[in-house]
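These protein sequence lines are chains V and D, in that order.
Taken in order, the first sequence gives residues 7 to 118; the numbers are from my numbering.
Taken in order, the second sequence gives residues 481 to 591; the numbers are from my numbering.
Simulated from the structure, these hints should not be mistaken for laboratory data.
Even for Gly, the Cβ is constructed at its ideal location relative to N, Cα and C.
Don't take every hint at face value.
Computed footprint of chain V on chain D, listed as stretches where at least three residues anywhere in the stretch have a Cβ under 8 Å from a Cβ of chain V [claimed, not checked]:
{"#": "1", "stretch": "524-532"}
{"#": "2", "stretch": "571-578"}
{"#": "3", "stretch": "581-587"}
With a straight-line Cα cutoff of 30 Å, these simulated DSS-like cross-link-like pairs (lysine-lysine) come out [to be verified]:
{"#": "4", "chain 1": "V", "residue 1": "K43", "chain 2": "V", "residue 2": "K74"}
{"#": "5", "chain 1": "D", "residue 1": "K551", "chain 2": "V", "residue 2": "K117"}
{"#": "6", "chain 1": "D", "residue 1": "K551", "chain 2": "V", "residue 2": "K74"}
{"#": "7", "chain 1": "V", "residue 1": "K46", "chain 2": "V", "residue 2": "K74"}
{"#": "8", "chain 1": "D", "residue 1": "K489", "chain 2": "V", "residue 2": "K43"}
{"#": "9", "chain 1": "V", "residue 1": "K47", "chain 2": "D", "residue 2": "K563"}
{"#": "10", "chain 1": "V", "residue 1": "K43", "chain 2": "D", "residue 2": "K551"}
{"#": "11", "chain 1": "V", "residue 1": "K62", "chain 2": "V", "residue 2": "K117"}
{"#": "12", "chain 1": "D", "residue 1": "K489", "chain 2": "V", "residue 2": "K46"}
{"#": "13", "chain 1": "V", "residue 1": "K74", "chain 2": "V", "residue 2": "K63"}
{"#": "14", "chain 1": "D", "residue 1": "K494", "chain 2": "V", "residue 2": "K9"}
{"#": "15", "chain 1": "D", "residue 1": "K563", "chain 2": "D", "residue 2": "K537"}
{"#": "16", "chain 1": "D", "residue 1": "K489", "chain 2": "V", "residue 2": "K47"}
{"#": "17", "chain 1": "V", "residue 1": "K117", "chain 2": "V", "residue 2": "K47"}
{"#": "18", "chain 1": "D", "residue 1": "K494", "chain 2": "V", "residue 2": "K73"}
{"#": "19", "chain 1": "V", "residue 1": "K46", "chain 2": "D", "residue 2": "K537"}
{"#": "20", "chain 1": "V", "residue 1": "K46", "chain 2": "V", "residue 2": "K117"}
{"#": "21", "chain 1": "V", "residue 1": "K47", "chain 2": "V", "residue 2": "K62"}
{"#": "22", "chain 1": "V", "residue 1": "K46", "chain 2": "D", "residue 2": "K551"}
Pair by pair, the computed Cβ-Cβ distance ranges are [to be verified]:
{"#": "23", "chain 1": "V", "residue 1": "G88", "chain 2": "D", "residue 2": "K489", "range": "20 to 28 Å"}
{"#": "24", "chain 1": "D", "residue 1": "A541", "chain 2": "V", "residue 2": "G22", "range": "42 to 50 Å"}
{"#": "25", "chain 1": "V", "residue 1": "K46", "chain 2": "D", "residue 2": "I540", "range": "17 to 25 Å"}
{"#": "26", "chain 1": "D", "residue 1": "N506", "chain 2": "V", "residue 2": "E7", "range": "33 to 41 Å"}
{"#": "27", "chain 1": "V", "residue 1": "K9", "chain 2": "D", "residue 2": "A541", "range": "17 to 25 Å"}
{"#": "28", "chain 1": "D", "residue 1": "N508", "chain 2": "V", "residue 2": "K62", "range": "20 to 28 Å"}
{"#": "29", "chain 1": "V", "residue 1": "E7", "chain 2": "D", "residue 2": "G520", "range": "32 to 40 Å"}
{"#": "30", "chain 1": "V", "residue 1": "G22", "chain 2": "D", "residue 2": "V532", "range": "46 to 54 Å"}
{"#": "31", "chain 1": "D", "residue 1": "D539", "chain 2": "V", "residue 2": "E45", "range": "20 to 28 Å"}
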Amino acid sequence: EDKVVQSPLSLVVHEGDTVTLNCSYEVTNFRSLLWYKQEKKAPTFLFMLTSSGIEKKSGRLSSILDKKELFSILNITATQTGDSAVYLCAVLIYNQGGKLIFGQGTELSVKP
Amino acid sequence: DGGITQSPKYLFRKEGQNVTLSCEQNLNHDAMYWYRQDPGQGLRLIYYSQIVNDFQKGDIAEGYSVSREKKESFPLTVTSAQKNPTAFYLCASSMGETMQFFGPGTRLTVL
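Next up, chain V with everything else stripped away, as it sits in the complex:
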C-alpha cells in the first residue's frame, strides 16, 4: 500500500528559529514529491521535486529530495509568525491520472 509519512506532526518554535520538516514515502511508480502550505483553507503550492539532490529555494524556504532513501525535507529559516500553517507533503504517482498521496501534515506554530 502506498504510504507517505510526515514528522513531526506538530512543532512550536519562536520567531527567528530554523525548522526542518520531514517527509518519507513508500510508493510504487513514484513521479514527483510536492509540498503545500495550508492556512485554514486551500493548500497553496510550494515546491515540486522530481530529481534527487537538487535543492529548490523560494525565499526562506528550501526543499530537497533523496530518492535513494525515499525522503524529502522542507527547511524554513528565520521563521516568522506568518509561517504558521499546516505543511503537507504529497507524492505524485506515475500514470494514475495525477493521483496524489498525502501525508498527515505537520502543524507548525511560530510564536512571537
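Here the structure of chain V is known, so what remains is to put chain D in place on it, guided by the hints.
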C-alpha cells in the same frame, strides 16, 4: 481572474439528505479531483476525472458520487449512504500529471 471556486463555503445537512458541492475552474485544466480532510489528517482522494464524461474512484468513494459533463465543472454529491460526512471538502485541478491547484473548500456539517 483564473482559479478554482467552490460553493457554498459552509453547508449544513440533516441526516438522510443528499447534498451537492460545487466546483468550477477556469484554468482550462483537463483533470479535476475531490478530496476530504478530517481534523489533524491529510487529504484523502474521493474521486478524480481526467477528461469530460469520465471519472475514477479514489480511496474513499463510498457514499459519494460525481459527474463531469463540462470541462470546467466537477460537482460532488454526498449521499445519505456516507456514514460520517462531516468534513472539509477540497476540489483541485491540474493540467495532467503535475501540481494540483486547490479551491477554497467547503465545510460540511451534518446536524
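Consistency of the hints with the structure:
1. 524-532: holds (count 4)
2. 571-578: The restraint on the stretch 571-578 of chain D holds, since 4 of its residues have a Cβ under 8 Å from chain V and three suffice.
3. 581-587: holds (count 5)
4. V:K43 to V:K74: 25 Å, holds
5. D:K551 to V:K117: 44 Å, violated
6. D:K551 to V:K74: Between K551 (chain D) and K74 (chain V) the Cα gap is close to 38 Å, so the pair fails against 30 Å, i.e. violated.
7. V:K46 to V:K74: 34 Å, violated
8. D:K489 to V:K43: 20 Å, holds
9. V:K47 to D:K563: OK: K47 (chain V) and K563 (chain D) at ~24 Å, within 30 Å.
10. V:K43 to D:K551: Roughly 27 Å separates the two Cα atoms, so the pair holds.
11. V:K62 to V:K117: Holds: K62 (chain V) and K117 (chain V) sit about 26 Å apart, inside 30 Å.
12. D:K489 to V:K46: 13 Å, holds
13. V:K74 to V:K63: 21 Å, holds
14. D:K494 to V:K9: Violated. K494 (chain D) to K9 (chain V) sits at ~34 Å, over the 30 Å cutoff.
15. D:K563 to D:K537: Between K563 (chain D) and K537 (chain D) the Cα gap is close to 17 Å, so the pair holds against 30 Å.
16. D:K489 to V:K47: 10 Å, holds
17. V:K117 to V:K47: Distance ~21 Å between K117 (chain V) and K47 (chain V) Cα, so the pair holds.
18. D:K494 to V:K73: 47 Å, violated
19. V:K46 to D:K537: 27 Å, holds
20. V:K46 to V:K117: 17 Å, holds
21. V:K47 to V:K62: Judged against 30 Å, a Cα distance of about 25 Å means the pair holds.
22. V:K46 to D:K551: 28 Å, holds
23. V:G88 to D:K489: 20 to 28 Å: 23 Å, holds
24. D:A541 to V:G22: 42 to 50 Å: At roughly 45 Å between Cβ atoms, G22 (chain V) and A541 (chain D) fall inside 42 to 50 Å, so the hint holds.
25. V:K46 to D:I540: 17 to 25 Å: 23 Å, holds
26. D:N506 to V:E7: 33 to 41 Å: 36 Å, holds
27. V:K9 to D:A541: 17 to 25 Å: 19 Å, holds
28. D:N508 to V:K62: 20 to 28 Å: Holds: the Cβ-Cβ distance is about 26 Å, inside 20 to 28 Å.
29. V:E7 to D:G520: 32 to 40 Å: 21 Å, violated
30. V:G22 to D:V532: 46 to 54 Å: 50 Å, holds
31. D:D539 to V:E45: 20 to 28 Å: Hint holds: Cβ distance 25 Å, inside 20 to 28 Å.
Violated hints, listed in ascending order, are 5, 6, 7, 14, 18, 29; each of the other numbered hints is respected by the structure.
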